[in-house]
Amino acid sequence: MLVCALCATAVQAQSEDPADDAVEGVIDDNPVVSNGANALDFTPGSGSCGGNNNQTIGWAFNVNAPVTVVAMAWHDDNLDGLERAHEVGIFRPDGSLIASTHVTIPAGAGAPLDGIWRIVKITPTTLPAGQGYIVGGFNGAGQTSCLDFNVSQTVHPNLTYIDATFSPSNGIFEIPSNFSAANNGFYGVGFQIASCTGNEVIRKAKCKLRNDGSLKAIVNTEGANPGDRVTVTLASGQQLSKFANSNGVAKFKFFGVGSGPNEATAEWDCGTEDSRVFICP
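According to this note's numbering, the sequence shown is numbered sequentially starting from 7.
Hints in this document: simulated from the structure, not taken from any laboratory. Among the hints, erroneous ones may be present.
As the list claims (entries may be wrong) - Keeping only pairs whose Cα atoms sit at most 16 Å apart, straight-line, the calculated EDC-like set for lysine to aspartate or glutamate is:
#1 K212 with E269
#2 K210 with D169
#3 K127 with D86
#4 K259 with E228
#5 K210 with E228
#6 K210 with D100
#7 K210 with D120
#8 K248 with D218
#9 K248 with E279
#10 K214 with E269
#11 K248 with E273
#12 K259 with E269
#13 K222 with E279
Here the structure is a predicted model, which means the values were calculated and not measured.
Let's have the full structure, built from the sequences with the hints guiding it.
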């Protein structure tokens, strides 16, 4: 969705405010994340119910467009709390675990319920396009809850579902790299992706004359869900990325900007963008 293109009047450069660097530089790179979209949803009871074993289960997927993971999840079968804690994480194509996604979903109702999922928020973590991953979680024997597979499911449009996966029943958390004959599953484990608010916008794009005579461009964005990554690219070629802070704001400074007209384009990982023109003398 294109929120706004070339929607602002170009702004001329201003003399530098000595306090500007301190004000513009306050960025929260580890925000409190909220309002994630589920990477995958399914209809409980629409498929089969598997047994629970001392193994890691999960599912493989490809990333079609960059996504920012903001929470890890485990399906709460009866929506009344989990029977046990579950260690979860996302594994890279080379089999290594992405550390920021490695968390434990606590037993009971210790993690908040979002739909059918118990979620634990994480430091926002971007998965680039064109990569394949496996999300996995240690299941555990002795539970009465259903391990769902062959269900009616929907997948986030930035992802392609590949297959249900599992590890040997050896009692440890590890990459579930064995592909299953099931059509889909195992749920089990999930995660959440930063979603758009519909209010993402470039609030300010302007040029300032620095005390040393050089120019810098200031671009401020707002309206995002906390934790969504925004990438700002100038027509002159410079590019920076940041995570939206707890207020949904991300602030950028570009140094050594040339004189003349320029344009800032902001792209949020949730799937929206905005552009704004400014002029440096």
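To see whether the hints hold, each was checked on the structure:
A hinted pair counts as satisfied when its Cα atoms are at most 16 Å apart, and K212 with E269 qualifies at roughly 10 Å. Our distance criterion of 16 Å between C-alpha atoms is broken by K210 and D169, whose separation comes to about 44 Å. With a CA separation close to 20 Å, the supplied pair K127 and D86 exceeds the 16 Å bound. Restraint check for K259 and E228: the C-alpha separation of about 15 Å stays at or below 16 Å, so the hint holds.
At most 16 Å may separate the alpha-carbon atoms for a hinted pair to count; K210 and E228 meet this at roughly 9 Å. A threshold of 16 Å between alpha carbons decides the hint, and for K210 with D100 the separation of about 41 Å lies outside it, so the pair is violated. Of the pairs offered as hints, the one joining K210 and D120 is violated, with about 34 Å between alpha carbons and a cut-off of 16 Å exceeded. Restraint check for K248 and D218: not satisfied, since their Cα atoms lie roughly 27 Å apart, outside the 16 Å limit.
A hinted pair counts as satisfied when its Cα atoms are at most 16 Å apart, and K248 with E279 qualifies at roughly 14 Å. Pair hint K214 plus E269 holds up; C-alpha atoms about 15 Å apart against a cutoff of 16 Å. A distance of roughly 11 Å separates the Cα atoms of K248 and E273; the hinted pair therefore holds under the 16 Å criterion. Restraint check: the Cα-Cα separation between K259 and E269 comes to about 14 Å, which is no more than 16 Å; the hinted pair holds.
Straight-line distance between C-alpha atoms of K222 and E279 comes to about 22 Å, which puts the hinted pair past the 16 Å bound.
When held up to the earlier numbered hints, the structure conflicts with 2, 3, 6, 7, 8, 13 and fits the remainder.
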